[in-house]
Amino acid sequence: MSLLQADIEMRQGEFSLEARLEIPGDGITVLFGPSGSGKSTLLAVLAGLSRADRQTIALGGRDLSHLLPHQRGIGLVFQDARLFPHLSVRRNIEYAARRAPRGAPAIEKVAQFFDIAGLLDRRVRNLSGGEKSRVALARALVSRPDFLLLDEPFAALDGTRRRAFIQVLIHMHRAWRLPMLVVTHNIDDAAALGSHLVALKEGRVVAAGEFAQASRDPQFQALLDSHDTGAAVRLAHSQHGGHWLRADQVLIATEEPKAVSARNILPATVQRLAHEPDGVLVELATEAGVILSRLTPEAVAELGLAPQKKAWALVKAHAL
Amino acid sequence: MLSGEELQILATSFWVAANAVLWSLPFAIAAAFALSRPRFPGKLLLDAIAHLPIILPPVLVGFVLLMLLGRRGAVGALLAQFGIQFAFTAKGAALATAVMIFPVFVRSIRLAFEATDRGLFEAAAVLRAGPLDRFFSVALPLAGPGILAGMVMAFATALGEFGAVITFAANIPGKTQTLPLAIYAVLQQPGGEAEAARLALLSFLLALLGLAAAALLQRWAVRE
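If you read the sequences in order, they're chains A and B. Position 160 of the first sequence, counting from 1, maps to 160 under this note's numbering, and the rest follow consecutively. Position 43 of the second sequence, counting from 1, maps to 43 under this note's numbering, and the rest follow consecutively.
No wet-lab data here; the hints were simulated from the structure.
Stretch by stretch, here's where chain A covers chain B in the computed footprint (C-beta under 8 angstroms, at least three residues): (1) 117-124; (2) 135-141.
Derived CB-CB ranges, DEER-like: (3) B/Val75 x A/Arg122: 51 to 57 angstroms; (4) B/Pro141 x A/Glu9: 37 to 43 angstroms; (5) A/Arg91 x B/Leu56: 43 to 49 angstroms; (6) A/Arg122 x B/Pro41: 41 to 47 angstroms; (7) B/Pro38 x A/Glu202: 24 to 30 angstroms.
Positions of the beta carbon are idealized from the N, C-alpha and C atoms, including for glycine.
Taking the hints into account, I'd like the entire structure generated from these sequences.
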């Protein structure tokens, strides 16, 4: 059963948002869409910071539509952290703890979890981007929300820090069983995080559901940049969510390859061939799910690929 | 150095200015905070009322106060029954000064509120802080240095108030005679120019000191 249900209609000049959402109570749901699709506006309406022209929002059966933000029990982690500059890191977290409805987790424990124990007495101005994001997460967690919204909390972080932050988010979700809706426009982040997906385009939900399934929706595929083409699969070794395998990072062999790292080879059956301007998109059915591979028309001809043909999908190691 | 009389004038000036600032502080903060909000019904009216003392001749402000709070005034007669008198007292001088400095006061505090990142109020709201809680826990502390600078600026302005004070509180040495009123009084006497010049210099130095302090606080506020 879904935990958060929302039906929202809002008009802002030329832009209109018309979204009906059902977010499950377990797992992490990713709200995906290009910039300008209304993701942040949607979060603001859910949190009560913006008013829609018409809105029905319910959390666990409780009607939130007419409640003010501080009454909703919905937490929000902003892209720019928004730590209070007049308070130390500890005081920022205490701010949330003092207003939490029931026993907030101990600040020392939370600080250790987010690896910010050494920062507690620092002023927030002197923190790095990654540190600020972790403090914002800790602060949001301590306020004990029933549901947590995150607006691209890792937008300011670069590659390694970003991946580390995503791991922190996943651990946080597991440790505290906190249902989350995370906004991102990056398909790799979405695949690394999401158990569920809601795709937004020009203020409308175009695809929604379990991640691996919803990510194959043609409406969702149409949202991706051309270089993003591919599919999300759940590989045996991945513990959470799925992996987004870009079509141009997947090779195809028609005989079982030898002396290649086994983890990167998946037995497959060719399902469909789609001829596109920049190559042929080959759809492969594997144990992990559907994988797309982009090949040149010459390669397709050379390998004699056709529906029902047996093949092996080879995934470049760094794509995992 | 300063004579006993001059020290008395200075003491009256400081008492009047300090009381004017302290009395109007909560109203100035409330008006400034309200005016720093993007939109609300009556904003234009509040803005106009807060700025009225700048537009009106100070003598008129003093006259209106006299009409209202004089012994035979609508409110004054009522207050007189409780033994409270404003007209022709130091308290009255402070009240007239408070009205006159209000626009400057509100303006400088409003700048401090407007400079605060509105996103921080949203952050506080989603951490379960209600509107009043947000005001005291986020808006006020963040505007604190700016409010302090506004108080210094208002105090310096208060030291120079003349028209409204002389109309409502008169020019009574030792009671309501502040620096500008004393300068006016000595100028009325033949040969009073030398004394007037001494007082004017004092007034000028105080004003400079006030401006410098306000500027320093303002800079500190920006850095904070």
